[in-house]
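Undergrad: Okay, here's what each chain looks like letter by letter:
Protein chains: 2
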Amino acid sequence: MNECINLAVKGIGKVSPNPLVGSVIVRNNRIIGKGYHKEFGKEHAEVIAVRDAKRHVHSLKGASLYVNLEPCCHTGKTPPCADLIIKEGITAVFVGTKDLNPLVNGKGLRKLKNAGIKVTEGVLRDNCRELNKAFFYASLHKRPFVTLKFAQSIDGFIALNNFKSKWITDINTRKIAHNIRAFHDAVLIGSNTLRKDNPHLDCRLSQKSIKPDVILLVGKTNLDFNARLFKIPDRNVFIYSPYAMDIQGKNNLHLKVIKPFNGRISLKKILNDIFKKGINSILVEGGSYTLSQFFEQNIFEEIYVMTAPKIFGKGISPFANLRIGSIQNRYNLILQDFFSSGNDIITNYKNYR
Amino acid sequence: MNECINLAVKGIGKVSPNPLVGSVIVRNNRIIGKGYHKEFGKEHAEVIAVRDAKRHVHSLKGASLYVNLEPCCHTGKTPPCADLIIKEGITAVFVGTKDLNPLVNGKGLRKLKNAGIKVTEGVLRDNCRELNKAFFYASLHKRPFVTLKFAQSIDGFIALNNFKSKWITDINTRKIAHNIRAFHDAVLIGSNTLRKDNPHLDCRLSQKSIKPDVILLVGKTNLDFNARLFKIPDRNVFIYSPYAMDIQGKNNLHLKVIKPFNGRISLKKILNDIFKKGINSILVEGGSYTLSQFFEQNIFEEIYVMTAPKIFGKGISPFANLRIGSIQNRYNLILQDFFSSGNDIITNYKNYR
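Protein sequences appear in the order of chains A and G. If you count by our numbering, then the first sequence holds residues 4 to 356, one letter each, in order. If you count by our numbering, then the second sequence holds residues 4 to 356, one letter each, in order.
Just so you know, these hints were derived from the structure itself, not from any lab. One or more of the hints may lead you astray.
Identical chains share a label here; the pair holds if one copy fits it or two copies do between them.
[Stated by the list, open to error] Calculated pairs, SDA-like style, for lysine to any residue (alpha carbon to alpha carbon, straight line, at most 20 angstroms):
1. Lys317 / Leu163
2. Lys317 / Glu299
3. Lys317 / Asn164
4. Lys317 / Gln300
5. Lys317 / Leu336
6. Lys271 / Phe303
7. Lys353 / Asp173
8. Lys317 / Tyr292
9. Lys45 / Pro20
10. Lys90 / Arg58
11. Lys167 / Ala323
12. Lys317 / Asn165
13. Lys317 / Phe166
Quick caveat: nothing in here was measured; it's all calculated off a predicted structure.
This is chain A alone, in the form it adopts within the complex (with noise of 0.2 angstroms):
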């Protein structure tokens, strides 16, 4: 199961909406065949595997096969997985997690039971559910699962007051930062980091093939169709804003008018349409304005902080803009993880409701 979830991982950046798969097939004791999920709309990872496989045997009766997610027993975009299991004569199917998918949901399980195939679902649950979270978490709310991610001074400032303070962190929390944008469909900022940092919002330092959508919260009338992000080709970019702009002519751009409430836009609504665009995960990079909104109406189920070992005195921090600010337990955030890297602390927070 750690092979099919290694190979699932190789799909990153290609496969969403779809989620990570990978497969293993395995007889006496020997894999025969691997395949993964590469691309979305192409062949699921158990018809690659099972594909593989058979160029080194004759037949794969007896055989046991093992996949991180429940094999699908519909017709999407490809034929049920479930059926070729099944005519392949495999005899043990090891499955990591059920597919929430209303389509699937256990189907796919009880279809390969019902002939008469051994099935242990559950192997390295935790794990396989890990690696799909964001699919998961999008399927079941229909909105993308969203992570916050700032990167500050030990003193919590994202920024000097004067904003000449970029690289806060060093170049290796850098290429974990780009690591952790290629987990995500798309990358989300508003229009005031737009333009202070004039960011790529790309993977160049760990992934260089990946290139997530961007979405861009625009509270001005104005926007600069020069800035960086916008010359990165072949990915969407999202722009919501009160404001209708002309993107006459501009490959890729998309903008849709949102009325704001109370002074504020509903994020909410933001994210229902988007997940209709295919996007299951987004990384929201700031800055104070964004992420205070973020965090005001609770839309958030995970923070990345980056903390570099440098104090600023005073600055921009990163929920300047809250306007509840309480110590009060509203927000139940459990430290997940954290490590170093040289002399910055990366942590990670849950949102535990």
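With chain A held as given, fit chain G onto it using these hints.
TA: Leaving out everything else, chain G in the frame of chain A:
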């Protein structure tokens, strides 16, 4: 040597300004005697270890002695340990670190060698140095080793603006904080913190019997002598203030009037003075005016940050009163250690010069 360190640690809170020392005597691969320095002015570890051993064996001829610090060779409050070791016929001595005290500084080791004893120096040197880092620092610089410590929210606030945020971290983290206190000869706060927090500044959550002295930097003319910290018996409170005040009849209270220069007080002057009172190490616990002064005057060796899983949005920053505040590498903070306590994170930085 590990056993020597374990023994030495038992002297915490009692031996300063002497170093922490533990000693073990071994013969035929068996420990025959142990000892540690228990109280300032009392017998050294080696003397106690020798006495302990002689309750079990007739003679120490041919035995080896382990000690984390070079044995002394001068007559201070007790006779020289080097002479005792030679007299008892011990044939090998294993030492962690040299004693930088100019009265010793290698002379103890030379005396042993000249008497034909086999001397090995540098056993677990790093651990032995760490154990007495404040002692070494203070002997060398003639002022105490200074550690800054604060507890904050994820977004870097040590208090809400209304100061209604006592106990940011959880009870276990506060126990760790009290343990860190126990490793220091004195705890230092400013008079704002005294007024706002009214802290005990003791070690009641961990090492109950240890009561570090207190240093108060007072910027106001009035001081509430009914505050809690004045009620803890058996410890000194050293007050530094530009204003004279009446401390007649108050036991263990010491006042020194110091004149500010350019609106700031010279911390070096204060620390040079406090060193003469036998204080080798100070834990600076705030608030932000005090922390900012220590940072700005670059008078600190380490920083402890305890971060609780809370977001305040706005509040009091630990170094809000810095006049410099810059990302430039004036300081080189090195991440020395980090660990979790429940959902809190504790990080330790070294001020690397």
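Undergrad: Hints first: check each against the structure and report whether it holds.
TA: Status of each hint after checking the structure:
no., hint, in the structure
1, Lys317 / Leu163, "both (7 angstroms within a copy, 16 angstroms between copies)"
2, Lys317 / Glu299, "between (23 angstroms within a copy, 13 angstroms between copies)"
3, Lys317 / Asn164, "both (7 angstroms within a copy, 15 angstroms between copies)"
4, Lys317 / Gln300, "between (26 angstroms within a copy, 17 angstroms between copies)"
5, Lys317 / Leu336, "between (25 angstroms within a copy, 18 angstroms between copies)"
6, Lys271 / Phe303, "within (11 angstroms within a copy, 47 angstroms between copies)"
7, Lys353 / Asp173, "between (24 angstroms within a copy, 18 angstroms between copies)"
8, Lys317 / Tyr292, "both (17 angstroms within a copy, 13 angstroms between copies)"
9, Lys45 / Pro20, "within (12 angstroms within a copy, 73 angstroms between copies)"
10, Lys90 / Arg58, "within (17 angstroms within a copy, 83 angstroms between copies)"
11, Lys167 / Ala323, "both (18 angstroms within a copy, 18 angstroms between copies)"
12, Lys317 / Asn165, "both (10 angstroms within a copy, 19 angstroms between copies)"
13, Lys317 / Phe166, "both (11 angstroms within a copy, 19 angstroms between copies)"
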